[in-house]
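Trainee: From first to last, the protein sequence lines stand for chains A, B and C.
Quick note on numbering: the first sequence equals residues 2 to 487 in the working numbering.
Quick note on numbering: the second sequence equals residues 31 to 433 in the working numbering.
Quick note on numbering: the third sequence equals residues -19 to 218 in the working numbering.
Be a bit skeptical, because a hint or two may be false.
Stated by the list, open to error - With a cut-off of at most 20 Å between alpha-carbon atoms, the simulated SDA-like pairs for lysine to any residue come out as follows: (1) C:K122 - C:R157; (2) B:K425 - C:Q79; (3) B:K417 - C:A56; (4) B:K313 - B:E91; (5) A:K362 - B:I402; (6) A:K387 - B:I402.
Keep in mind the hints are simulated off the structure, nothing from the lab.
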Amino acid sequence: MKEFSNVAENKYTAGFSTVTDTEDFEPGLTEDIVKKLSALKEEPEWVTEFRLKAFRHLQTITEPTWAHVSYKPIDYQSLSYYSAPKFRDKDDIPQEILDTFEKLGVPLHERDALLGLDTTKSANKDIIPTVAIDVVFDSVSIATTFQKELKEHGIIFCSISEAIQEHPEMVKKYLGTVIPSKDNYFACLNSAVFTDGTFCYIPKGVRCPMELNTYFRINARNTGQFERTLIIADDDSYVSYLEGCTAPAYDENTLHAAVVELVTHDRAEIKYSTVQNWYPGDENGVGGVLNFVTKRAMCKGESSKVSWTQVETGSAVTWKYPSCILKGDNSVGEFYSVAVTKGQQMADTGTKMLHVGKNTKSTIISKGISFGNSSNTYRGQVRINKGAHNSRNYTQCDSLMLDNSKALTIPVVMQYNNSSIVEHEASTGKLSEESLYYLQSRGLNPEDAISCVVNGFCKDVFQKLPLEFAAEANKLLSVTLEGAVG
Amino acid sequence: MSNLEYTIKELPDLLPLGIRNNMMQNNMLLKDMGDSINTFKESVLLSNPYYNKFYKHMKVEKLLGFINTTASQTKSMSPVMDQFQETHIEFEDGYIDTKNISNFYYGPEYITSIDRFSANNMLNLYQEYFVPTGRFSDIAYLNTIGPVGIRVKPKTKRSIPTSYGYTTKDIRDQQKDISCNLIIIDIGAGSTVTMEETFLSNPALKLYNILYLVREDAKLVLNRSFAPDLGAHIIESKVIQFPNSKFECNTQGGSNPYSQELTEVEIWDNCTTHINGRYYIEKDIVNNVYTKLHHKGTDSFSRVDVKTVLEGNAHSSFRGEIVVDKEAINTDADLKNNNLLCSTKAVAISEPQLDINTKEIQCAHGCTVSNIDADQLYFLQSRGISKQHASNMLKESFLGLIL
Amino acid sequence: MLVTQEFTVEVEGNTILDDLTLEYGPGVHIVMGPNGVGKSTFAHALMGKPDYITEGAVQINGKDLLAMEVHERAQAGLFVSFQTPTPIEGLSNYQFMRQCLKEKDVTIKESLGEFKRIASEYGLPDQWDKKHLNVQASGGEKKKNELIQLELLNPTVAILDEPDSGLDVDAINTLVRRLTNYVETDDSRCLIIISHYQQLIEKLNPQTVTVFKKNGTAIQTDDISITQKILESGFNAV
């Protein structure tokens, strides 16, 4: 059996950076910076207040240190909290930015993401676009495609800055209700300095006809990226949303502290998928994105459903627990995750399922793959409250170690009523030599054999991704695994 | 005895005052184990174990109901005496009695007792195995009147009944309060020893810090049970398994208002480890189990199987850690925790953990929390067994009590 | 003797069985029908499985069955064999039987001896009484457990759900022999067997045949030749 070794060369193809004219804030985090940010975005009074309250609270708390990750201490005062390309008109995007996204394969023009066709031309009216995209470059949303078409269905899909201007009542109603500013350190930081993100509202009874996609691109150095996403699905609606991200390969750590809040009303469903490919740092652990994210769904309505599906292959440190609060009776929460760590990467990720309503159900399938010197931790909490009668949880966490890295599984089960059932299983192991031998004896080279087995390991999770992105995830996984064979 | 009243929370502050003539004041012990005593002292002074986050789900506030004068003020229940055969070893705070096992002067052939009075107690050599954990066992270490223990000679094959607590109605029994026991059990190489351990606590609170050394090729089986009474116990066991040894611990419990059983096992090469716990808890009982199996050597096999049935207002917490070092290849480890929650007010918390640092292993864990299976209940009823009776049968078979 | 009048069974809002009026006297009776039509539902509804909503009337030896709790029905003489018997970890085969027989006046020695005898007749291994109930047992072994329980519990009305499935040739011969013996040694015993296995049906010499239909109704006849017709032309022949 061949030995595995660390990645010899940096295969991160998105590691280039773009030179463009930007407007940057000087580094530092003070109350004045917060006010300046709010003023620049021309935000109404209540948003400024929201930010300032969070900022003031931030001064009273300290960064948490309990996760199984280590990183160079972040000097919050040396980061700039706003950097955006200098252009005002969305129809006049600078060429270098367009080129960036061309290179990354992100369709800025209104054209079908898959077919590569321009659907604005009347000749192609019968081609129905499948993906609408909102593109965020550093602190600002550059373009949002198919807004008009979506509007015809009553669907609002725009940047959160735009939503604050156009739909303030709705933003005000939901912002901070799922993740209050005081929830944790990074959520608090985000609440003070959030820049842009996506706002999405699906009206009653509407099934969103396209995949909604937000693509985040970090470009500027020494900045922090703080997006804020808010998705609301009204009664009987459905939306499938995907988040993609990349960043340049810099020598310093880049901080990404995002907050994502989802709310589902009666019988609504949100499918939230993430394919995370932030720059992971080089083989010595220098640079890389620090991905500290708070994501939570409030299944408010009866029989509502939220599925979190994530494929995490990048970032130097990943620290996130997409969670569900299953408040409405009969609601369902799901968490499917594949987290790959290699080189010096560290991941401490997992989920929290809080069962509040009756007959609620949650499923957790977490697959961790680790090699090199990396550390991969699953941390989960399943809590069945007293009133959550007849609830069910099934959890399966498996860790695949491709060499002697570190795999940690830390689940907690708390059950406060006796009509519910919780089942949890976990296992840790390595690639089956027998499987690899068999595949090779049928002509597959060692790399493909490993790829095959690992794909099988991740199958349960990949099946949950929207079709198009399952292919991307597969590709990303094989690129990540390249170098796993010495 | 002074009239000073205190609970386990205040104890760390009182330790340096040398109450009860504990270890910290005893010159003889300070000579033998001074280094270690200082290390523990620093740890306890740094942070009071009562506030240790480790105890998050263990309801330690219930311990405040056990005040040091409780035992002497309450009419103590008569301990279970009939089950003790003629030969057994009795351990109590600073006291060991190998009555009937030992010949008064020369001792039995297969055991040497360890205590501060015996000449070659080798206490200073045992020091290295004791490391502060920041938990109550650190207090047990410092506040004991003196460490006691037994060394079983190599190649001995014996079954030894043991009681933790006095089995005779003695005046000393009346004075026992928050008693702190530091016990060393050293099983010589090649021996096979079974210890039938019975824990007695009366209405008091008892802390135990027990070190079990299972030397090369030795096998130690612990069969633990608890005399049903109003007392509380916190039992911390540290087991060091030398290569090629076998360790098994079988506990049946749940009859005391508060219990904490924390077991850490350090496992070297070619060892076998089994930890089985079966608990039936009802009323307001709080039962906490913690096991940590640290695989340091290669080719070892471990199984943890803890099952609890909960009724009434009971509270159960389980935390099981399996740590496999990078060098511990070919480890086969499995951990199971199953809970049967039978009443509306009972609470079960389960935290199974895996910390794996090498891929050449096979490790798994599983835990379940549920009520009695409706299909099984229906099946038994369909064979003429009443619902209540069927319910009881299922609880008993869950715990493996129907043989 | 088991008699049903306008017996209807509803599960999760769906009516599975509709208005069944059937009569089973002493001796052997056969029940047939396409898969999924509700034969097992019939058996379990009579046993009182939770979540089954029943209407109509059923008497067992003259007593009102539907008014009784599950275990009371068993004690009143009803036995239903499970298609997939439930495993119960921690409870040995024998211990389980002991508990069932507690009500009856049988000594440990007698019942254990009887248990072992029947077990070995069915070809089960020697220490079968110590094995945990249906745990890691093959389909056939689980079926044999059901049959042993049948004989030890001695019900007056027994409904056996495909007792032949999973049994090899020898075991089926034993089955036929023991079942025939069961009804012959006591003429108040009634055996209702759900099966399609023609050879079994013929050897058991049934009194009536009940055919369940897809719409949830059933017809009962004492014309045994109907089983042959079904074998040749399928259930549509009826």
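Trainee: State the violated hints by number, sorted upward, taking the hints as numbered earlier in the document.
Mentor: none
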